[in-house]
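Enquirer: In case you want the letters, here they are:
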Amino acid sequence: VNAAAAGRQLIRRGTCHVLGDDISLDDDIIPRRFSAGRVIDPLLLLPHLFESLDQGFAARVKPGDILLAGRNFASGKPRLQGFIAMQAQGLSIICASMPGKMIRRAVARSIPVMIAGTQSQGLAATGDEVEVDFATGEFRNLRSGLHVGLPRMPAMLCEIVAGGGAEAALRAWLERHPEQALAAPGNLWKSTNN
Amino acid sequence: LASSAELGGQEGNPAPATSVQKLLARASGLRHVEVGDIVHPDPAYVILHDGCIEATYRELCALGYGAIRNAERVVFVTDHEVAYGSPLAILRGQAIRDIAKRWRIGHLFDVGRGGHGHLFPLESGMVQPGMFLFAYDMHCTTFGAAGALALGVGPEITTVLATGTLWTQVPATVRIDLAGRLGRGVHARDAGFVLTHGLASGRWGVEYDSRVIEFGGPGIEPLGIADRVALCNSVTELGIASVLFGEAPPGASREDCNAILSDSAAMYEGRIGLDLADIEPQLALPGGPENASAVAGTAGLKIQHAFIGSCGSGMFDDFAIAATLLRGRRIADGVRLFVVPGSVATAQRLADEGLAQVFLRAGAMMLPAGCGPCAGGSMAPLGAGEVSISTAATNHSGRFGSTEGIAYLGSPLTVVASAVRGCITDPREFLP
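Line order of the protein sequences matches chains V and E.
Residues in the first sequence are numbered consecutively from 1, following the working numbering.
Residues in the second sequence are numbered consecutively from 1, following the working numbering.
Bound conformation, chain E alone (with noise of 0.2 Å):
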């Protein structure tokens, strides 16, 4: 991390700043920053995935592009249609390669390499804290567990590449304070649904609207990157700009940190207070994961189709922590539970420490790293009039395939106890 020295220049101390004006003054070259300034930050990285390389390189073409800014920094990933279940999904892949060449750019995640795009890059150390980051996708937001800003800029993608970065208005934060701990059977994501429910009903009054969301306080100190990860996905949805963290990640320094952690007398425009111990189960009722409620009021409900995985739930210790559940137990007959390991990685340890095993032997199919059903129901769909259970980042009508299926998001534990009990499950009742 470069010190405030080098990043300055001038005499004295800048006013003082919230991480995210921090992290977009360093990327924009800036010794300071006000909220709704318009930058144009730098990006260590642009991440673009499958779905749409061919769409961009295709408007780009017909703009007269033949060469992309600082290629070098460009990283394609493949998570979304991984096993190419469609001849026109082998034709993708074919161009993905070729554009790949044609463009020159650095680096090239193919089928079976690396996963998905959001969790990878933050696993391998790719992304480190304090970086700044563009990528096609709105779900980039999980770098922010590793404390990198991230931003979603859809099909505006195009001028990132064709010019190297893309006017940003510095955003507002809202700060949410974590206290307690987590009780047994209750997960990060959990908390997530909370939050994302209580933000989008107005329970605190708040704006989100393309705001960050900075989590800190007591509450935090436990969670490891995977909590922290499902903490910035549950949010996304909501149309923020991206999620940080008040605290250094984990593995990393508080004085190592400081430059671009908020300062003590940072402007906040939002603050909220949520006691983790206060939390119970969740289920996100179809259509987002807003539509969050207690576990409790949907019990019984017979599933058909489960999974475990994507961007919000797709690290080892997910995977971990349902493994501890599913241990020595059977899936109900007429459910079909799907493992979708976040990584390559992550694969290769389920299968190293016995894990896989764990999901195999309860009756689980692995699928290759990636997004699994949630990338539009390509592989491992849901059906018409079919119930469904998992992980995923979200749950609109259609996500997993059939627009008649129904669809219900909870932790990784609420999904291999309604997995087991073969209908949506509170996964206190496994509780010792």
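So here's chain V without its partners, still in its complex pose (with noise of 0.2 Å):
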């Protein structure tokens, strides 16, 4: 992926799950058991998205779906496990708004994010078709008609999302600057953990 060139553009299609205001990333997005459990799988995690809210979300949601959520989501302590899922499962994320380190970590694991404040608001209904540009701000609701402008991601970060997280920015780094690269892969450092 050309992550400059995919940053101007950001389109994501998908079926619309509306949420409501402070889904907690440590409860609500996935069952607290989890991170206390230091499960990281996502395949794990997965069939136990929005569970403690909706038994049937899990279900239901496809790749790619767009979830549409109120103020404060994702709130509560940044564990990993909601934003693993999210990623596997291909989720982006619109809502009103969302803690500034959760959007950090949101960024880092490729989920596209876009704080749209009072704008969020009756865009869509659960179910609906919807389709967004995050790099543009451009909302489609597919079934509605509706077609607003919202605040876009800004092109930054949509080339992190573009190019995969932050992840896949540290190994594009370091093929740009190999003199960073381990002197002797074989020879990695035991931890002591082992």
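These aren't lab readings, by the way, just hints derived from the structure by calculation.
Keep in mind the model is a prediction, meaning the values are calculated, not measured.
Hints are supplied without guarantee of correctness; some may be wrong.
If the Cβ cut is set under 7 Å, some of the chain E residues that face chain V in the computed set are [claimed, not checked]:
hint : residue
1    : 38
2    : 63
3    : 65
4    : 162
5    : 165
6    : 167
7    : 239
8    : 357
Which residues of chain V face chain E? A few of them, derived with a C-beta cut under 7 Å, are [claimed, not checked]:
hint : residue
9    : 100
10   : 166
11   : 182
12   : 183
Just so you know, even glycine gets a beta-carbon here, dropped at the ideal spot from N, CA and C.
With the hints as a guide, bring the two chains together.
Expert: Below, the structure written as structure tokens:
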């Protein structure tokens, strides 16, 4: 993926899932027992996505679907598990507001996020097919015909998301800076936990 | 400090700016930045503590990294598990020394050196007004007391180490104008609790998430560096971006700091006024500093565990004021009171000036400089069913060990008053 070119366009099309205010990262998105148990395998997490709010969600959600949330989405402790699961399902987020550090985590996990304030209200109902360009802010509700401009995601962040998130960005950096590579890859330092 | 001509290079004055706008512009090599801009600031230091170094190293190794960027500016501090309470901690210490060598990092503060990573760098003058820093830990906001901007970025410190920087959105600022003076027996930490509770409960109707909190007004002038640290620390748990002061730090002149302080025409997103004279001693109920209310509401509750220290209240003045109340008194039977100096220098000064004796004669125990019980209770933990009062950074369930312990927060004065009585006590009862 040419990240710079992708940054000018970041389109997602999928079914919209409307969520309320104050959806917590550390319980509502993935039940707390998974962060307590340090589960990080997406295959184990996916069946429990939004389980605390809606038992049937994980069965209904499809790759590429779009979450439309209210204020303070992904609040609470910055646990990994919710973002791992949302990334694995290829979800993207439009919400009224979201804690800054969570926006950072979402971008690092290659999850597009648009913070739309009061404009996030009434855009769609659960089940509507929507198309969103996070790079331009263009939002289309393909069922209702609504077509509005929302506050776009900054181009820099679109590039990181389109490029695959923080890990992909670090791999790309290392390719451009081979002097930072491990001199002897076979001689990996042994962790104390081994 | 660089003059505006050195920083700019263009004619004319840039638009009015807040302190955080100025500091991020400087660190990003820009003449001016607007709130919401995305910048890539160049940090003077990058600080990692003992709890996160190994995982960060492993992650970068797995990606194929053998060397980090600007290693000479990287600082490793050992404050979470200082006295090695387990065999695993000893191995971790060895690993940290090994990683410091492999990465050729510039500053390793090993066990017994330095102390608390949010305190000793500002006491020693390592952190200077106008500096910009990245850190792993969110409580790095204490550096705001010295006029420096520090941003805690958590696991994304890997990107900072690998590339030298991390994208940063210029935050909006909420200004808090302090007036009046704190009453006797009332501490800056109490003011911090009132503010934290007020912000979280919507008392002023301002947004605070990811905003910079800037303190100003005539009320801050008499506040020393420890008091300013207490204010910075109290509001940090709310999820703010960082904390700064609208006046020069103690010991610096306003003229020297004009280049880094907010312009009078700067745009604040919100503005709050608070009269320090109205504040009473506070107690943060279990859950977090935002659950603060007057001590009187909980007075009389028996305690078993107490400590003074942590990033919010671990400077010399915090212990000095606690010692004035404790001098000549003994802590109650059945109460264990721990004293955790924020830095090795503070521990030495407490010994030199005879204050360590005040605590020891009272029956308190001295712990090595660092986080103390606040780092998950790896040292001097709280037990199930016990009640604790401390000056810790926060008091959510399990913070000091057992999730079945009950933890309250107060000022250094409230903690020692309670330790002497054996129950939650308003320190003003001890006023002569």
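Enquirer: Hints first: check each against the structure and report whether it holds.
Expert: Quick rundown of the hints versus the structure:
1. 38: 5 Å, holds
2. 63: 5 Å, holds
3. 65: 6 Å, holds
4. 162: With a minimum Cβ separation of about 5 Å from chain V (threshold 7 Å), the hint on residue 162/E holds.
5. 165: 11 Å, violated
6. 167: 6 Å, holds
7. 239: Hint on residue 239/E: holds, closest Cβ of chain V at ~5 Å, below 7 Å.
8. 357: Constraint on residue 357/E not satisfied, violated at 39 Å.
9. 100: 3 Å, holds
10. 166: 6 Å, holds
11. 182: 4 Å, holds
12. 183: Hint holds; residue 183/V Cβ to chain E Cβ min 5 Å, cut 7 Å.
Hints 5, 8, counting from the list given before, are not met by this structure.
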